[in-house]
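Protein chains: 4
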Amino acid sequence: MKIGFIGLGHMGNPMARNLAKHGHALKVYDVVPELARKLAEQGCEVATSAVDCARGVEMVVTMLPSSPHVRSVYLGEYGVLAAIAPGTPIVDCSTIDPLTAREVAMDAKAKGCPMIDAPVSGGVAGAEAATLTFMVGGDVPDFERSKAVLQCMGKNVVHCGGSGNGQVAKICNNMMLAIEMIATAEGMTLAAQLGMDPKVFASIVNTSSGRCWSSDTYNPFPGVLENVPASRDYAGGFGADLMLKDLTLVTDAAKSARQPVLLGALAQQIYQKHSVDGHGGKDFSSVILQYMKA
Amino acid sequence: MKIGFIGLGHMGNPMARNLAKHGHALKVYDVVPELARKLAEQGCEVATSAVDCARGVEMVVTMLPSSPHVRSVYLGEYGVLAAIAPGTPIVDCSTIDPLTAREVAMDAKAKGCPMIDAPVSGGVAGAEAATLTFMVGGDVPDFERSKAVLQCMGKNVVHCGGSGNGQVAKICNNMMLAIEMIATAEGMTLAAQLGMDPKVFASIVNTSSGRCWSSDTYNPFPGVLENVPASRDYAGGFGADLMLKDLTLVTDAAKSARQPVLLGALAQQIYQKHSVDGHGGKDFSSVILQYMKA
Amino acid sequence: MKIGFIGLGHMGNPMARNLAKHGHALKVYDVVPELARKLAEQGCEVATSAVDCARGVEMVVTMLPSSPHVRSVYLGEYGVLAAIAPGTPIVDCSTIDPLTAREVAMDAKAKGCPMIDAPVSGGVAGAEAATLTFMVGGDVPDFERSKAVLQCMGKNVVHCGGSGNGQVAKICNNMMLAIEMIATAEGMTLAAQLGMDPKVFASIVNTSSGRCWSSDTYNPFPGVLENVPASRDYAGGFGADLMLKDLTLVTDAAKSARQPVLLGALAQQIYQKHSVDGHGGKDFSSVILQYMKA
Amino acid sequence: MKIGFIGLGHMGNPMARNLAKHGHALKVYDVVPELARKLAEQGCEVATSAVDCARGVEMVVTMLPSSPHVRSVYLGEYGVLAAIAPGTPIVDCSTIDPLTAREVAMDAKAKGCPMIDAPVSGGVAGAEAATLTFMVGGDVPDFERSKAVLQCMGKNVVHCGGSGNGQVAKICNNMMLAIEMIATAEGMTLAAQLGMDPKVFASIVNTSSGRCWSSDTYNPFPGVLENVPASRDYAGGFGADLMLKDLTLVTDAAKSARQPVLLGALAQQIYQKHSVDGHGGKDFSSVILQYMKA
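Protein chains in written order, with my numbering: chain Y, 212 to 505; chain B, 212 to 505; chain W, 212 to 505; chain S, 212 to 505.
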């Protein structure tokens, strides 16, 4: 299949390469020319603009950093929707707010193009190993049609319901994750401060009602688990500033939905403070440093 | 073995009956005489006071509602420690603050009586079915010696380290549980408000990084899981006011340890408001009602 | 002076009438035609569009509900800036986010039009009595030039610094106000619950270090002060949903400035819950109802 | 009058000296003998114990660090109440929880001794200059009788209602103060971050609805006011750890009263973190450092 791919950063680059590996013909574009040039070396055609990238292809895939980028790539005089052939399916893998996802998908539909939102989890490592999880919002036939393409880039492709629900699933899951990570940080540091061995405490929690992914798979206390960021000074993993970005998205979505999220809003603030303290580049489990003496 | 059992409420009554079932000879006491009388019908000897209950027995077990009760039963002129024979092992199953647990255990040790703290999880249902989990703090030999007795009342008996650590494990686990329950409530209601099917959202979270016991085993959103309190108007289960009591214990312990617990303190407040709103008698997963329109 | 006035709602209507009272010739516009018609009865010229309203006038004043409205009235093909005569001063009295205010002011400057942001406090009552306070952001000469016009609608006209700073002053003040109102609610209800007479407690706080405008001028506890919303079931005053809107603006601004506001974010959530509970139309001091038994 | 004074620390020492200056005959005691010896040099009689200090005096005054100290000085076999002559008035100036204050006052009443709680504000400087404010809980005649004595040590003596209400007024006022100080810190730092001059912002807030004692009299932003701790690196003033102690008292009192205090509990946590970060010895306005880049 001939696929137009827009957005070739840390995530988009390996995702595009995985599509090419599976035999798809790629036409690629990024506002930073060097990013496209890298892929040209691997045999991809380089487009001159986003609009150009959408011409003469059988599918468009985008991986962009935020809602305004998605709007500007798709909408307006120089947007993809101005040039794309009616009927071409569109897959947006960016993590953005659900309302923008739905608006752009409706505009795409008006041009005859079925569009799905398919944000990912798994990070750069997952993008490189083609083990990403895609959370997909859109109509079932559109989901089914894009599945084979998404499976070139990831392991799990999950249908979350209608348009925008991929985004909803992603940001609501990550809000829960952030709160649970901080809960684990508070529980682990308090138990240790009250005299318990952190490993013993973790083993009890993990067979009890307090268990969560952050305690049993990604424990933030140094030395409790091997091969997690906590055991290598919080290097690698999922950056605290990326979690902060998702928390900002989800608390904004909660405001527009008029839904209170007291712990979510406080978690957003704690990650904000963590970032201001200079830890934004570390793995998000480093938030436990907020609870430890310097 | 002849066992003195003090504290015969909703938990203590079935626990004492399970000990009797396994052939132990019980001498029982409660400040409310009818509670002891009920057990007399089952062949237990009734003591005239806490002190009396500790005389002529080979072990003392207590199940009391709070730290001041534990102090008054054990310490002072009319306390158990004033009468107990040196060498008699003591098991306190109450959930109290770790500092009090350690103080009383030290006083017991001074009288030559090894004492362990062994708070439980599993609720009234677990007490009746003898499936409780005991989290035990104390020296290893004392833990080993009491194990057979505890196994008459429960399924899991876990050693958590030195004196007081049973309490630490219990209250720190429950703090994490409370935060994760509210996190699940916030995530589920926000996803639903943003247009997602709650069952679909739960199924995605439960195979993803946001999963926790509150989402995959005890989901608070009505209709997502069967046979949980959320599917029967939050009847039964673990009362919100009992969770509030544990949150109050743990935030007090954090204060004395000078350890911040931002989400823990906010969770305590949310359960406090939930109680004031009249929901204290419902299962603790009913906290999701704070996030739903009336 | 001939003034174009756009936005004729609860605030804009009395503001425009006060300008007319002082002899200014008004050309008015609102997307809701009846709102303009009401002013036509008072001798104002009615414009056919926002663009038309900006033609042939010596100053443009706008009073709009949110940032997107301000963008759409000023920018784009049919925006005020497309038609306005270079050199015409512009005054935007809307409460919006500071970044949007600065962007629009820069676009206006590019057309040769000096623009100031001048959000108000004082509410509908202040607009009718011409006792509003204007917090003005912009260059000093532009501030000075517009002062006489603003004084037809208000009592205090305060210069807050460069472009956007009127908005900054307004929303940061209101964040402090919201937190202090909730602080007063918590302090008053707790003191009462602990057995103190609310009037006595207020009198002590108000001569002590806990005093604030919310305690000494606008006390939320019923019966403490006369002639405040708390003494008339929270009718009138500054609506809780308007406070929620300002808190949403300020917490969004904090996110973009990467500045933590822990209490501000929690205050936003408490007002969000208050709104969901059905109290959004009451005065913002009604947030004390969150702390009282039903 | 012959007065027994117990508790001769940073506060008690200057308070006792001020009583002596006004001609009262003092009998003094502290568990630390050197503290009593210092006052002996100034002509005070030194008692051999708390009980001894209460014998042969016409009034007992205490200034102690916490509730357990108050209990142990007054109650039990070696407590003041065991020895004091019936009818002797008692004044406790300690800041403790209202429930303990009421319990001890009831025990005193049972011995025929009228007791008032009279916690102070004003700090060491106020104690030395005899400018303290006393917040008094107790019956009106007992309040009136002690007034002349209290006026030797302070400027304002305020009746707050029945027994314990002095404590209620003190801790509820200080909860409001802590929240308002953090509100001011958040507002000032956000306004500065968004581009406003802090002095200009403070001047606007201080004539507007956001004003409070923390903004207009004790502003935490360096350089806004002269002669406040913020202008001397937060030296002197009211220590952050003392504020933390009062916040711990008030949030505990709220728990026992089953009253939610969401912002109060979060403020307690923020001061807890501030203390852990090593700032507990600085003035409490230094909490603004939590909001500034290192």
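It is possible that part of the hints are untrue.
[To be verified] Pair ranges (Cβ atoms, derived): (1) Pro409/B <-> Asp488/W: 18 to 24 Å; (2) Thr259/B <-> Ser442/W: 33 to 39 Å; (3) Thr259/S <-> Thr418/Y: 40 to 46 Å; (4) Thr418/Y <-> Asp318/B: 31 to 37 Å.
Everything labelled a hint here was simulated from the structure, so no lab data went into it.
Just so it is clear, CB atoms sit at the ideal spot from N, CA and C, and this is done for glycine as well.
For each hint, the structure was consulted:
no.	hint	verdict
1	Pro409/B <-> Asp488/W: 18 to 24 Å	22 Å, holds
2	Thr259/B <-> Ser442/W: 33 to 39 Å	59 Å, violated
3	Thr259/S <-> Thr418/Y: 40 to 46 Å	58 Å, violated
4	Thr418/Y <-> Asp318/B: 31 to 37 Å	32 Å, holds
The structure is inconsistent with the numbered hints 2, 3, although it conforms to all the rest.
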